[in-house]
Amino acid sequence: MMEYPKKNVTLQQIMDNKQATLELGTKPVGKLLVQYATPAIIAMTASSLYNMVDSIFIGQGVNATAISGLAITFPFMNLSGAFGAAIGVGASTLISMKLGQKDYDAAKHLLGNAVSLKVITGLLLMAVCLIFLNPILRFFGASDSTLPYAKDYMEIILLGNVITHLYFGMNAVLRSASKPKQAMYATMFTVALNTLLDPIFIWVFGWGIRGAAIATILAQATALCWQVSIFCNKNELLHFKRGTFQPRWDLIKNILGIGMSPFTMNACACLVVIFINNQLVNYGGDAAVGAYGIANRIAFIFFMVVMGINQGMQPIAGYNFGAQQMDRVMQVLKYAIAGGVAVMTLGWLVGELLPYPCARLFTSDPELIEMSINGIRINMIAFPLIGYQAVVTNFYQSIGRAKVSIFLSLSRQMLFLIPLVAILPPLFGIDGVWIALPASDVIAFVLTLAIMIYDLKKQKKKQ
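Counting in the working numbering, the sequence shown runs from 147 upward without gaps.
Hints listed in this document are in silico derivations from the structure and should not be mistaken for laboratory results. Source: prediction; values computed, not measured. The beta-carbon is built from N, C-alpha and C at its ideal position, and this holds for glycine as well. Just so you know, nobody snuck in bad clues.
Quick list of the computed label-pair ranges, beta carbon to beta carbon: (1) D290 / K248: 56 to 64 Å; (2) L492 / Q206: 22 to 30 Å; (3) L561 / I346: 44 to 52 Å; (4) G176 / Q206: 41 to 49 Å.
Below, computed lysine-lysine pairings styled on DSSO-like, alpha-carbon distance capped at 30 Å: (5) K177 / K606; (6) K607 / K480; (7) K327 / K248; (8) K387 / K248; (9) K399 / K248; (10) K480 / K327.
Given these sequences and hints, build the entire structure.
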């Protein structure tokens, strides 16, 4: 039931907010995807640049070993992202569906429970990882040379873990609440502030790799204050409401049920990176880990653009699936696939034609540059196929088919990639580690295509 306007709320403002949400089911799908995906793409591109900024300043301002130390922390970023996505993506998907069903009270309770879960998981993860930080980093592949750098960076990141969780979670909810531009502004501001603070903290203050971590948390904390102010505004259709923060098991179960797909994907990514890091150390030393970190950063830019397309697709697919408008659901899927494949094809061209400028951006170390060029070229050779696979996997998540999404996520990383990373290096040395990445992408693409064709045939029979 709609709440009566408070003192500072007008009926027109409430109706305007509702109209923005209702457009998800009426406005042309192509225009909607552009409207929602463009801010998300800008935000995700900014987010990938945000990650690159730390790597560039650390590589150029500290040394090549620090780059390898930073790469050692990637598994934790995946692990933290796994817990964050389990709540943020699960809650935002359900909020989209509830808004599509015009159940605004349920959407507010989902928002409140998402905030509570973010705080709880952020604190628990921080405490556990700080206590066992040294053995965790050793397990991640840290050597005597890279451990000090990885530890210095992670201590700061862990202390600000709750801020990071809330920042990314609020951005996901903003997109589901028909506010993709605000989510974009938050990300762009964070990137700009981090870019400004990095050289000051690393070079001027002489804080080294710790300075990069402090800049990251301060930038996120500032953006989080603005995000919270939006949801505190009673004029908004979706806003914080007293009594909605009390954890409710029925809501938590639904949030985690849908969020298990991105959780599994990120958790598997954590295990995969740990395994790859250890293989790289065994066959190529610390420099190989740094090269993987650089190759990952370059690939991440294009992958994050595809994620932006997926985030634009999510509220449209979720709303229309909730409203049972299946023609619109399939339309947005087709447009998103076309966009994802186009972006990753561009990434393939960059990786194959311009690997040296990409590597040189991060370091001037000749050995690291040479390893990075080789890694970039091999890693990105099957990129066009990833565009399709990533969109379809996220589509199943957007319409609440978590099991299919989880299976597709697991297939690439656990069923294909890890066995290949174990089998190929003894045959091809360090190149075997690199070759395993595109090989698993090709196999995962074939599997995803087969499942989608099967589902489309089933849908046609029902019509």
